[in-house]
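**Q** Sequence:
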Amino acid sequence: MAQVTVSASSFTVLNKADRASSLLKHNAFASPLVVSLPNAGKYRHRYPSIVVSRIADTTTTTTTTVTQNGGVVSDKTTIQPGTKSAAVIIPPSVTGFTTVGAVVTIVRKQRPSREERISNAVDVVSDLLGNRVFLQLVSEDVDPGTGVGRRSKETFIKDWAEKARVVADKVQYTAEFSINIAEFGQPGAILIRNLHQAEHYLESIALRLPSGTVYFPCHSYIAASGRDLKPRIFFTNQVYMPSETPAGIKDLREQELSTLRGNGKGKREEWERIYDYDVYNDLGDVDKDINLNRPILGGGEFKYPRRVRTGRDPAKADPTKESRQPGEERFGLYIPRDERFEPIKQTNFIANTLRGVVHASLPKLRDLFDETPGEFDAFRDFDKLYYQGLDVGQEIREEAEKKAGIPPFLKGLRANEEESLEMTRERNLFLDRLPIPDYVREVVRTSTTPRSLLRYPLPRVLSRDKFAWIRDDEFARQTLAGVNPVAIECVKEFPIKSALSHEYGPKESAIKSEHIEDKLEGMTAEEAVEAKRLFVVDYHDVFMPYVARINELEGRKIYAARALFYLHKDGFLRPVAIELSLPPCHPGAVGSQRVFTPGKESTSFWLWQLAKLHFLAVDSGHHQLISHWLRTHASTEPYVIATYRQLSELHPIAKLLHPHTRYTMEINAAARQNLVAANGVIETTFTPGKYAMEMSAVVYDALWRFDQEALPEDLIRRGMAERDESAPHGLRLRIEDYPYAADGLLVWDSIEAWIRDYVSLYYSDSATILEDVELQAWWDEIVTKGHADKKGEDWWPKLDSPQNLVRILTTIIWIASGHHAAVNFGQYDYTGFVPNQPCLARKLIPEQDDPEFERLLRDPHKFMLEMLPNQTQATTVMTVVSALSAHSPDEEYLGYSGNHTNWTSDERAVKAFRAFSRRLAEVDKKIIERNKDLKNKHRAGAGTLPYELLLQKSGPGITMRGVPNSISI
Numbered sequence: 001m002a003q004v005t006v007s008a009s010s011f012t013v014l015n016k017a018d019r020a021s022s023l024l025k026h027n028a029f030a031s032p033l034v035v036s037l038p039n040a041g042k043y044r045h046r047y048p049s050i051v052v053s054r055i056a057d058t059t060t061t062t063t064t065t066v067t068q069n070g071g072v073v074s075d076k077t078t079i080q081p082g083t084k085s086a087a088v089i090i091p092p093s094v095t096g097f098t099t100v101g102a103v104v105t106i107v108r109k110q111r112p113s114r115e116e117r118i119s120n121a122v123d124v125v126s127d128l129l130g131n132r133v134f135l136q137l138v139s140e141d142v143d144p145g146t147g148v149g150r151r152s153k154e155t156f157i158k159d160w161a162e163k164a165r166v167v168a169d170k171v172q173y174t175a176e177f178s179i180n181i182a183e184f185g186q187p188g189a190i191l192i193r194n195l196h197q198a199e200h201y202l203e204s205i206a207l208r209l210p211s212g213t214v215y216f217p218c219h220s221y222i223a224a225s226g227r228d229l230k231p232r233i234f235f236t237n238q239v240y241m242p243s244e245t246p247a248g249i250k251d252l253r254e255q256e257l258s259t260l261r262g263n264g265k266g267k268r269e270e271w272e273r274i275y276d277y278d279v280y281n282d283l284g285d286v287d288k289d290i291n292l293n294r295p296i297l298g299g300g301e302f303k304y305p306r307r308v309r310t311g312r313d314p315a316k317a318d319p320t321k322e323s324r325q326p327g328e329e330r331f332g333l334y335i336p337r338d339e340r341f342e343p344i345k346q347t348n349f350i351a352n353t354l355r356g357v358v359h360a361s362l363p364k365l366r367d368l369f370d371e372t373p374g375e376f377d378a379f380r381d382f383d384k385l386y387y388q389g390l391d392v393g394q395e396i397r398e399e400a401e402k403k404a405g406i407p408p409f410l411k412g413l414r415a416n417e418e419e420s421l422e423m424t425r426e427r428n429l430f431l432d433r434l435p436i437p438d439y440v441r442e443v444v445r446t447s448t449t450p451r452s453l454l455r456y457p458l459p460r461v462l463s464r465d466k467f468a469w470i471r472d473d474e475f476a477r478q479t480l481a482g483v484n485p486v487a488i489e490c491v492k493e494f495p496i497k498s499a500l501s502h503e504y505g506p507k508e509s510a511i512k513s514e515h516i517e518d519k520l521e522g523m524t525a526e527e528a529v530e531a532k533r534l535f536v537v538d539y540h541d542v543f544m545p546y547v548a549r550i551n552e553l554e555g556r557k558i559y560a561a562r563a564l565f566y567l568h569k570d571g572f573l574r575p576v577a578i579e580l581s582l583p584p585c586h587p588g589a590v591g592s593q594r595v596f597t598p599g600k601e602s603t604s605f606w607l608w609q610l611a612k613l614h615f616l617a618v619d620s621g622h623h624q625l626i627s628h629w630l631r632t633h634a635s636t637e638p639y640v641i642a643t644y645r646q647l648s649e650l651h652p653i654a655k656l657l658h659p660h661t662r663y664t665m666e667i668n669a670a671a672r673q674n675l676v677a678a679n680g681v682i683e684t685t686f687t688p689g690k691y692a693m694e695m696s697a698v699v700y701d702a703l704w705r706f707d708q709e710a711l712p713e714d715l716i717r718r719g720m721a722e723r724d725e726s727a728p729h730g731l732r733l734r735i736e737d738y739p740y741a742a743d744g745l746l747v748w749d750s751i752e753a754w755i756r757d758y759v760s761l762y763y764s765d766s767a768t769i770l771e772d773v774e775l776q777a778w779w780d781e782i783v784t785k786g787h788a789d790k791k792g793e794d795w796w797p798k799l800d801s802p803q804n805l806v807r808i809l810t811t812i813i814w815i816a817s818g819h820h821a822a823v824n825f826g827q828y829d830y831t832g833f834v835p836n837q838p839c840l841a842r843k844l845i846p847e848q849d850d851p852e853f854e855r856l857l858r859d860p861h862k863f864m865l866e867m868l869p870n871q872t873q874a875t876t877v878m879t880v881v882s883a884l885s886a887h888s889p890d891e892e893y894l895g896y897s898g899n900h901t902n903w904t905s906d907e908r909a910v911k912a913f914r915a916f917s918r919r920l921a922e923v924d925k926k927i928i929e930r931n932k933d934l935k936n937k938h939r940a941g942a943g944t945l946p947y948e949l950l951l952q953k954s955g956p957g958i959t960m961r962g963v964p965n966s967i968s969i
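In this note's numbering, the protein residues as written are 1 to 969.
Wrong hints could be hidden among the right ones.
What the hints assert, rightly or not - In the DSS-like style, the derived pairs of lysine-lysine whose C-alpha atoms are separated by at most 30 Å in a straight line are:
1. K600 / K557
2. K953 / K932
3. K937 / K926
4. K109 / K953
5. K466 / K937
6. K265 / K569
7. K492 / K569
8. K497 / K512
9. K843 / K600
10. K497 / K790
11. K303 / K316
12. K466 / K384
13. K843 / K265
14. K937 / K557
15. K303 / K791
16. K569 / K600
17. K600 / K512
To be verified - Computed beta-carbon distance windows for the label pairs:
18. R117 / G955: 30 to 40 Å
19. D859 / A702: 36 to 46 Å
20. N804 / A317: 42 to 52 Å
21. K384 / T213: 50 to 60 Å
22. F605 / E493: 23 to 33 Å
23. D338 / V773: 21 to 31 Å
24. E183 / K925: 53 to 63 Å
25. F467 / S760: 47 to 57 Å
For the record, the hints were derived by calculation from the structure and aren't laboratory data.
C-beta: ideal position from N, C-alpha, C; glycine also.
Start from the sequences and build out the full structure, keeping to the hints where you can.
**A** Given below as structure tokens:
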């Protein structure tokens with residue numbers, strides 16, 4: 001054996017740790033290693049290198065034998081804790097091979113199923129027998145012998161069995177690799193094989209090299225043994241353009257993208273990670289009931305964005321439609337496995353709880369309301385939902401718990417069990433952590449008491465002024481700062497004209513100058529239009545082709561509605577007229593056009609109130625279907641699919657976009673199953689009924705343009721802003737106190753500045769954009785496959801410059817964050833009080849010669865209540881929108897990296913992101929200042945709600961504030 005010297009002296013055994021510590025500082029080694037070596041004198045020819053895990057108690061050594069001719073033979077042994085040992089210093093350059101430790105972070109499910117608990121128990125035994133989770137490093141350098149990246153020897157997670165009983169959301173395990181760092185090169189990827197029977201959610205791997213830590217962001221489910229036979233591939237957080245990919249991992253980059261694309265064939269399995277496109281041919285259920293047949297959206301008569309392909313079997317009754325599959329109600333529709341909620345987010349529990357509570361408690365509504373079961377008899381009945389609560393009773397409570405799938409330890413408590421106090425505390429702590437609405441939590445919590453109350457939280461629209469909803473100024477204010485602030489437009493011509501054919505009635509609006517000029521502060525209607533002080537929310541053309549069909553549905557009555565508003569000189573917007581129209585009953589007939597204006601005496605006052613409610617019922621349908629579902633959820637899903645199909649994890653734009661895709665496909669799949677499906681919540685409780693999704697497709701065809709989804713372009717399209725380089729944001733708002741637009745532009749500018757900084761790090765000119773094959777494929781696929789029915793339009797931006805890339809990315813991120821937050825997180829606080837934003841109307845407003853008109857005159861309160869949704873419809877919507885309006889405890893907000901702290905190794909990008917976070921903090925300060933300034937009458941003043949929907953962050957629950965990174969609810 002050759003004699004090895006350390007720091008110009010013979011090999012030395014150190015008996016004291018402090019002497020070893022002093023040698024660590026010796027300048028002779030760049031990165032010396034402290035090792036433990038029992039009986040060092042005996043094994044003077046062997047030089048071990050050790051990494052001591054910070055998590056595990058065991059210490060593993062890799063010993064290296066250096067022979068006379070320079071050959072290296074390596075073997076491994078484990079030294080148990082407590083072994084007396086001496087310390088030696090061995091530089092890596094001497095040993096060749098080094099033991100490199102890894103920390104593997106696994107996120108555990110909080111509520112594993114019985115089958116999962118059994119699998120986990122079996123895996124503990126199986127792991128000890130050798131069926132483990134194996135890991136293998138891949139170098140960025142090519143091995144000349146194989147022509148691919150150098151591979152380390154396969155190793156495994158060491159301490160799986162011993163940490164089986166650890167109770168935590170996240171558990172950190174250890175593994176060790178033995179590699180010759182000088183020869184191996186920089187690790188670029190890691191391969192994982194899971195031989196366990198259970199799948200595992202892998203959050204990250206941290207590799208402890210002598211030169212520093214290498215991070216592998218994973219955030220992925222590792223399929224159970226026998227499902228995915230190929231090793232999973234994870235890359236480091238390095239950033240590489242396609243042309244700059246190191247040779248050792250280039251094949252893995254292409255292989256992973258190929259896996260995610262799939263082959264477009266076959267039925268998808270729940271564990272697969274394949275992203276592909278399909279049309280909306282699964283909204284109905286024709287095999288169950290022919291009345292549940294719905295048209296296909298996309299690829300034919302009705303243009304539409306694409307959704308993820310599931311490959312389900314064709315329906316027997318109509319092979320062009322997909323069939324519903326067994327188990328879907330429990331497990332949901334297929335989406336790529338990594339698009340499912342992370343284990344820490346208990347949203348399946350939320351969804352099941354909501355279904356259980358809604359279906360189980362509705363029959364008990366009759367116990368809360370007296371005279372007419374199913375109907376609101378007086379306005380005080382609404383108060384009972386918030387203050388008195390609903391006694392669901394033991395039978396209903398147990399049924400709700402059963403349908404909710406509440407864990408046994410939660411439902412095993414009863415008030416007469418004195419020994420259950422400790423369990424009650426445990427139960428309550430668990431409940432407090434769940435991201436569920438307060439009243440759902442109350443149902444579960446109070447199942448330990450004789451009286452189980454279901455109470456809805458008080459909507460904020462009632463919190464400052466209980467009667468604000470009646471006032472005209474509040475009606476107008478909510479068009480600028482309410483749940484649907486994206487529909488108002490500046491009037492460009494008067495009278496307003498329809499683009500529909502004459503078969504739907506007169507093209508010209510029935511609102512004339514004589515209806516409004518007494519409310520225009522001395523101006524004529526034409527002068528008000530010229531001065532840009534007349535505004536409209538116009539749903540006439542969207543709804544008119546469907547009015548007759550909707551009015552044939554049981555319990556639905558609708559008008560094609562438009563509302564006209566005037567901006568007073570004091571800066572406050574006020575309504576001046578509402579037009580409600582019905583189509584001609586038969587060819588040659590005229591149809592009905594009725595104009596309502598703010599009343600000055602009792603009858604006109606009540607007719608005006610009823611007209612407002614009818615307009616709001618239409619507005620609710622438009623909000624849910626167009627402003628919310630179509631413009632955010634449906635339009636964003638193609639961006640998510642294209643991102644994973646075409647941009648590698650190594651790509652800088654993939655790293656930028658991933659936080660903005662989180663949970664979107666899971667939410668959309670749940671919506672296709674329960675909300676927008678045939679006979680779902682939208683159809684059963686909102687005005688358009690079974691024509692809801694078809695109407696959204698018509699609007700997509702007529703109005704949706706990607707370039708105009710950018711906030712500045714949307715405001716300009718609606719006439720709510722004009723370009724002015726001297727104004728903030730380069731835009732001058734028509735209504736300065738327009739909370740959604742004013743605050744939205746602050747957020748938009750912050751996003752755009754961040755994207756510009758980020759893009760500039762990787763793209764210097766047009767050539768670098770055009771040469772990026774992954775980026776070009778990504779955008780091409782969004783245009784030609786994700787929004788295939790619009791691919792021929794000339795308004796699509798060309799991806800040929802850094803400037804255009806910035807605008808494209810800013811638009812996508814704005815829609816997923818700011819726009820969605822503005823139309824989503826205020827839902828309960830505005831619609832949770834039914835008269836403020838009714839989901840539908842059940843009666844038309846009678847004409848004077850109608851017998852119903854006499855009933856209206858005798859009891860206008862009762863007539864209004866009969867027009868509003870009934871108790872079942874109202875409480876169903878209240879239940880659903882409360883869930884949609886609530887933030888999860890693990891919500892990731894704009895400007896926060898959340899659990900993805902090591903998302904990139906590029907410090908320049910991290911620095912730019914921190915600047916983005918600081919800008920958003922400044923935005924928050926400006927919004928808070930605006931909410932305090934009394935000159936901003938649409939967001940400040942007595943009884944007026946502040947506009948907080950675009951504040952950056954929020955706590956969990958219904959808060960009416962906070963901008964998540966993505967469409968995560």
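**Q** Give a verdict on every hint.
**A** Structure-based check of each hint:
{"no.": "1", "hint": "K600 / K557", "verdict": "27 Å, holds"}
{"no.": "2", "hint": "K953 / K932", "verdict": "19 Å, holds"}
{"no.": "3", "hint": "K937 / K926", "verdict": "16 Å, holds"}
{"no.": "4", "hint": "K109 / K953", "verdict": "26 Å, holds"}
{"no.": "5", "hint": "K466 / K937", "verdict": "18 Å, holds"}
{"no.": "6", "hint": "K265 / K569", "verdict": "63 Å, violated"}
{"no.": "7", "hint": "K492 / K569", "verdict": "19 Å, holds"}
{"no.": "8", "hint": "K497 / K512", "verdict": "12 Å, holds"}
{"no.": "9", "hint": "K843 / K600", "verdict": "24 Å, holds"}
{"no.": "10", "hint": "K497 / K790", "verdict": "27 Å, holds"}
{"no.": "11", "hint": "K303 / K316", "verdict": "25 Å, holds"}
{"no.": "12", "hint": "K466 / K384", "verdict": "14 Å, holds"}
{"no.": "13", "hint": "K843 / K265", "verdict": "49 Å, violated"}
{"no.": "14", "hint": "K937 / K557", "verdict": "34 Å, violated"}
{"no.": "15", "hint": "K303 / K791", "verdict": "11 Å, holds"}
{"no.": "16", "hint": "K569 / K600", "verdict": "22 Å, holds"}
{"no.": "17", "hint": "K600 / K512", "verdict": "19 Å, holds"}
{"no.": "18", "hint": "R117 / G955: 30 to 40 Å", "verdict": "32 Å, holds"}
{"no.": "19", "hint": "D859 / A702: 36 to 46 Å", "verdict": "42 Å, holds"}
{"no.": "20", "hint": "N804 / A317: 42 to 52 Å", "verdict": "46 Å, holds"}
{"no.": "21", "hint": "K384 / T213: 50 to 60 Å", "verdict": "58 Å, holds"}
{"no.": "22", "hint": "F605 / E493: 23 to 33 Å", "verdict": "31 Å, holds"}
{"no.": "23", "hint": "D338 / V773: 21 to 31 Å", "verdict": "24 Å, holds"}
{"no.": "24", "hint": "E183 / K925: 53 to 63 Å", "verdict": "54 Å, holds"}
{"no.": "25", "hint": "F467 / S760: 47 to 57 Å", "verdict": "53 Å, holds"}
Hint check: violations occur at hints 6, 13 and 14; the rest are consistent with the structure.
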